[in-house]
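Visitor: One letter stands for each residue in the lines below.
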Amino acid sequence: MKIRKELWFGFSLMAVILATVLIVTPWSHLTDAHLSREDLGIFGMLMLALVVVAIMLGFPTAFTLMGMGVFFAWIAYRNVNPDLANRQVLDLMVQRTYAVMANDVLIAIPLFVFMGYLVERAALIDKLFKSLHLALARLPGSLAVATIVTCAIFATATGIVGAVVTLMGLLALPAMLKAGYNIKIAAGSITAGGCLGILIPPSVLLIVYGATAGVSVVQLYAGALFPGIMLAALYVGYVILLAKLRPGLMPPLPESERQVALPGFAQALSAGGRNAVIGLSRGLGGRPGVDRRTVWKQLFVALLPALLIVGVLTISYRAATAPVETTDTSGLEESGIAAPAEDSAEPADAGGLQEPEGAEEGGLQEPKDDEAKAASEPAQPEAAAASAAAKAAPQAPAAEERRPVPVWYWVMLAVGVAAIALTYGLLSWERLEVFKMLLSSFFPLALLILAVLGSIMFGLSTPAEAAAVGAFGGFLLAGAYRYVTHLGGPAGGGAAWTTVREMGTIVKESSFLTAKTSAMVCWLFVGSSIFSAAFALLGGQDLVERWVLSLGLTPFQFMLLAQFIIFILGWPLEWTEIIVIFMPIFIPLLPKFGIDPLFFGLMVALNLQTAFLSPPVAMAAFYLKGVAPKHVTLNQIFAGMMPFMGIQVVAMALLYAWPDIGLWLPSVLYGR
Amino acid sequence: MQKLLLLVDKISTWVGHAFSFLIVALTLLVTWEVFSRYVLDDPHAWAFDAMNMLYGTLFMMAGAYTLAKNGHVRGDVLYGFFRPRTQAAWDLLLFIVFFIPGVIALTYAGYYYAAESWAINEHSNVTADGPPIYPFKTVIPVAGAFLLLQGIVEIIRCAICIRQGAWPSREEDVEEVDVEELKKMVHVDGKADGG
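These protein sequences, in sequence, are chains A and B. For the first sequence, my numbering begins at 1 and goes up steadily by one. For the second sequence, my numbering begins at 673 and goes up steadily by one.
Honestly, the hints are just simulated from the structure, not real lab data. One or more of the hints may lead you astray.
As the list claims (entries may be wrong) - Below are the BS3-like pairs computed for lysine-lysine, each with C-alpha atoms no more than 25 Å apart in a straight line:
#: 1; chain 1: A; residue 1: Lys178; chain 2: A; residue 2: Lys630
#: 2; chain 1: A; residue 1: Lys244; chain 2: A; residue 2: Lys184
#: 3; chain 1: A; residue 1: Lys178; chain 2: A; residue 2: Lys625
#: 4; chain 1: A; residue 1: Lys184; chain 2: A; residue 2: Lys625
#: 5; chain 1: A; residue 1: Lys630; chain 2: B; residue 2: Lys856
#: 6; chain 1: B; residue 1: Lys856; chain 2: A; residue 2: Lys625
#: 7; chain 1: A; residue 1: Lys244; chain 2: A; residue 2: Lys178
#: 8; chain 1: A; residue 1: Lys508; chain 2: B; residue 2: Lys855
#: 9; chain 1: A; residue 1: Lys508; chain 2: B; residue 2: Lys682
#: 10; chain 1: A; residue 1: Lys178; chain 2: B; residue 2: Lys855
#: 11; chain 1: B; residue 1: Lys856; chain 2: A; residue 2: Lys178
#: 12; chain 1: A; residue 1: Lys625; chain 2: B; residue 2: Lys675
#: 13; chain 1: B; residue 1: Lys682; chain 2: A; residue 2: Lys184
#: 14; chain 1: A; residue 1: Lys630; chain 2: B; residue 2: Lys855
#: 15; chain 1: A; residue 1: Lys184; chain 2: A; residue 2: Lys508
#: 16; chain 1: A; residue 1: Lys508; chain 2: B; residue 2: Lys856
#: 17; chain 1: A; residue 1: Lys297; chain 2: A; residue 2: Lys436
Claimed, not checked - Partial list, derived from the structure: chain A residues whose beta carbon lies under 7 Å from chain B:
#: 18; residue: Gly58
#: 19; residue: Pro60
#: 20; residue: Gly67
#: 21; residue: Leu167
#: 22; residue: Leu170
#: 23; residue: Pro174
#: 24; residue: Leu513
#: 25; residue: Ala515
#: 26; residue: Ser518
#: 27; residue: Met520
#: 28; residue: Thr576
We treat Cβ as the ideally placed atom computed from N, Cα and C, and that holds for glycine.
The shape of chain A in the complex, shown without the other chains (with noise of 0.2 Å):
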């Protein structure tokens, strides 16, 4: 009778908290004829106490907000002047709905929820993942690793938590199980990976939680980035450490498992060696049953990764040693090209020594446009990385009015020559495929991310424009993907008019989820304003901050207090409602403590993540349990989200000791 349990959990929670209001509610004043300050104050906890009651009954919360704001705003004018209260509760609701409505933060929500239904549908979730294993195979519950990258890049794309948990569960918990993955690891995986998306900027919490709190989105999309980056490092980190501890949870993939075909010019070339580039070089002079045209795209590929090194090189150099007069400008541009960049140079580092990732380290950092014909010589990697660098140093003096070329340029170029002499050496026709293989599926995606987070960091677009950007972007990736497969596939000849026709149904499809989710969102927004607004009327926040000072917490006390109401509040509550009802209670209490707002709200948003992870209302387990083989219980789930629960407080703890994980950025870039 698990029904019953949980219909008695909620009912007793509901009754502790009516029975606290009655009782600790002083009657007796209230039933005088005039209502004093104090007592409007006990009104406004009564409210707050009712709307956590109603929203657990299951009432669209939106509307339980705007209602109860109705009424308990009325309540407050009345006590004020009973004549004019009519007019003024009307005047405060459409007010409020206005400000909504005309706020320019929040417009960035429908266009970064657009945007996110639009990669979804660019179906590339299959290549991402398959790429993504095959590149760590080597590491040890490489599966499991690979679900979390996947989860975690997926998610920051799309921001749709459900759509992710989902696709994975039918991607991934097939392929480890099948593996011999133990289940509540699989499970715990996919549910704690699929979550990142809501943390890992550009995210929708945070757009929330800025237009909610008065924090600028940039920053916190700023701040929330290492912090992002730290849980999901975490996350891998802990999975690794699992594996290597006990192996029977994860057993290491069969040799067949990790095999990548090669197609047919490979295996003629690789008799030659091991060596892709040096294969690929000799290839070029012709081979029996080889055609040159494929050997030379082939090359084209693989030094692809150095022809972008040579753009961030000669860029992030010009930068680095531009005269001063133009530097405000060019600077600030070409440094936001060449840091996010060096950003994603950052995985890879962490991805361990694997190779193909290496390719992606060499690839954001080295070579020159004529390196191509260097390496159509029997190419030693080095040499080429050398006479890159002699070429590279040569300019210097070229250039008189410029600047000294700074160390940490040098330092940079160092690195490139050595990432790229270590990429090559190492290249082999399997790392060349599975190079191939992300260039399809990781490169798109990361750089969609990557440049709608960049133009927002570095000033050049707002949110809200880098959304609109992005979704465009996504909608010409959604496009591609669509006709890449459609020219494989049986349409043949008529790919470009079935991508048209598919796309018409995509954008359509995604306007009409958009629009439902906007609404959602916003209208909430709408309720909560409404609400708030009655609340701060009967007084009901100068009573709680009359408490909470009472009460003579440490700020390091309050933080924990804060942040313990808002895990406990995830498990009945989802993070909208936590974020739009209590944030506007917390918010003014913060100055009282010392801690910046900013700071605050990357503790609330690493806490959230626990709201979709905590029963009953946890929604990934839901969505997992939906697609997973009948034998998969939802306990087992739970079971599985409950480590990586544990590491997000982990995770907080490390934040809160180190606020500079989360604060440095920020500082950097906006000097705070």
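Mind docking chain B on chain A? Use the hints.
Guide: Okay, now just chain B, sitting in the frame of chain A:
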């Protein structure tokens, strides 16, 4: 009766669908504006107001549509475990206590708010020479009226459910997590990948 309910559903859905295309307009407008500002060096002062109006109209007019599809977020602690009859009883009560007064107040207040704006021929003051703002304010009572209509339909649904013990049917619509659709996506891709 069921026919009438579905008709109102259809109206709400149609309105919601029609206005949901504003997101496409919004995306294109902003993308163009960014392009125009950075590449053509030709920013438009009205773009800010236009963005706001598109966004505000989009979500306000989609309110009834979302209600018709049961898309407004609910606290799902107990609700999912109730029998349909219990669900309907609570919903009915709370629709009458919270929803109806709230939305009527919003529509009524919005009507006068918009009327004032029309009367003074109000223009946006965000930028000099801002675009007219009265049509945007008119959205409040219009959206409120559609929402009210849909709310009444929902109340009737609750009543039917209490009498019959099961929820009357709704129109189908795109779902955020459509498992069948997602399955197809993974499957199709798997084939195209060729292993």
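Visitor: So, for every hint listed, does it hold in this structure?
Guide: Status of each hint after checking the structure:
A threshold of 25 Å between alpha carbons decides the hint, and for A/Lys178 with A/Lys630 the separation of about 15 Å falls inside it, so the pair holds. A threshold of 25 Å between alpha carbons decides the hint, and for A/Lys244 with A/Lys184 the separation of about 17 Å falls inside it, so the pair holds. For the proposed pair A/Lys178 and A/Lys625, the alpha carbon gap of about 17 Å is at most 25 Å, so the pair holds. Using a Cα cut-off of 25 Å, the hinted pair A/Lys184 and A/Lys625 holds, with the two alpha carbons roughly 12 Å apart.
Distance restraint check for A/Lys630 and B/Lys856: the Cα-Cα separation of roughly 20 Å lies within the 25 Å cut-off, and the hinted pair is therefore satisfied. Note on B/Lys856 and A/Lys625: the hinted pairing holds, with a Cα-Cα distance of about 18 Å set against a maximum of 25 Å. Between A/Lys244 and A/Lys178 the alpha-carbon distance is near 19 Å, which keeps this suggested pair within the 25 Å criterion. A C-alpha spacing of about 20 Å is found between A/Lys508 and B/Lys855, which places the hinted pair at or below 25 Å, so the restraint holds.
Distance check on the hinted pair: A/Lys508 and B/Lys682 sit about 17 Å apart at the alpha-carbon level, within 25 Å; holds. A distance of roughly 18 Å separates the Cα atoms of A/Lys178 and B/Lys855; the hinted pair therefore holds under the 25 Å criterion. Taking the CA atoms of B/Lys856 and A/Lys178, the gap is near 21 Å; set against the 25 Å cutoff, the hint holds. With a C-alpha separation of about 35 Å, the suggested pairing of A/Lys625 with B/Lys675 is violated against the 25 Å cut-off.
Pair hint B/Lys682 plus A/Lys184 does not hold up; C-alpha atoms about 44 Å apart against a cutoff of 25 Å. For the hint linking A/Lys630 to B/Lys855, the alpha-carbon distance of about 17 Å falls within 25 Å, and the restraint holds. For the suggested pair A/Lys184 and A/Lys508, the alpha carbons sit about 38 Å apart, so the restraint of at most 25 Å is broken. At most 25 Å may separate the alpha-carbon atoms for a hinted pair to count; A/Lys508 and B/Lys856 meet this at roughly 18 Å.
Proposed proximity of A/Lys297 and A/Lys436 is supported: the alpha carbons are some 12 Å apart, at most 25 Å. Annotation: A/Gly58 was flagged as interfacial toward chain B, and the flag holds, the nearest CB pair being 3 Å apart, inside 7 Å. Using the Cβ-Cβ criterion of 7 Å, the hint placing A/Pro60 at the interface with chain B is satisfied: the shortest such distance is roughly 4 Å. For A/Gly67, the suggested interface contact is upheld, since its CB lies about 3 Å from the closest CB of chain B, less than 7 Å.
Restraint check, A/Leu167 versus chain B: the minimum CB separation of about 6 Å is within 7 Å; hint holds. For A/Leu170, the interface hint holds, since its Cβ comes within 7 Å of a Cβ in chain B; the closest pair sits about 5 Å apart. A hinted interface residue such as A/Pro174 counts as satisfied when its beta carbon comes closer than 7 Å to some beta carbon of chain B; here the least separation is about 10 Å, so the hint is violated. Hint status for A/Leu513 relative to chain B: holds, with the closest Cβ pair at about 6 Å, below 7 Å.
Of the supplied interface hints, the one on A/Ala515 holds, with its beta-carbon coming within about 3 Å of a beta-carbon of chain B, less than 7 Å. Checking A/Ser518 against chain B: minimum C-beta separation of about 5 Å stays under 7 Å; hint holds. With its C-beta approaching chain B no nearer than about 6 Å, A/Met520 sits inside the 7 Å limit, and its interface hint holds. Nearest Cβ of chain B to the Cβ of A/Thr576: about 6 Å, under the 7 Å cut. The hint holds.
When held up to the earlier numbered hints, the structure conflicts with 12, 13, 15, 23 and fits the remainder.
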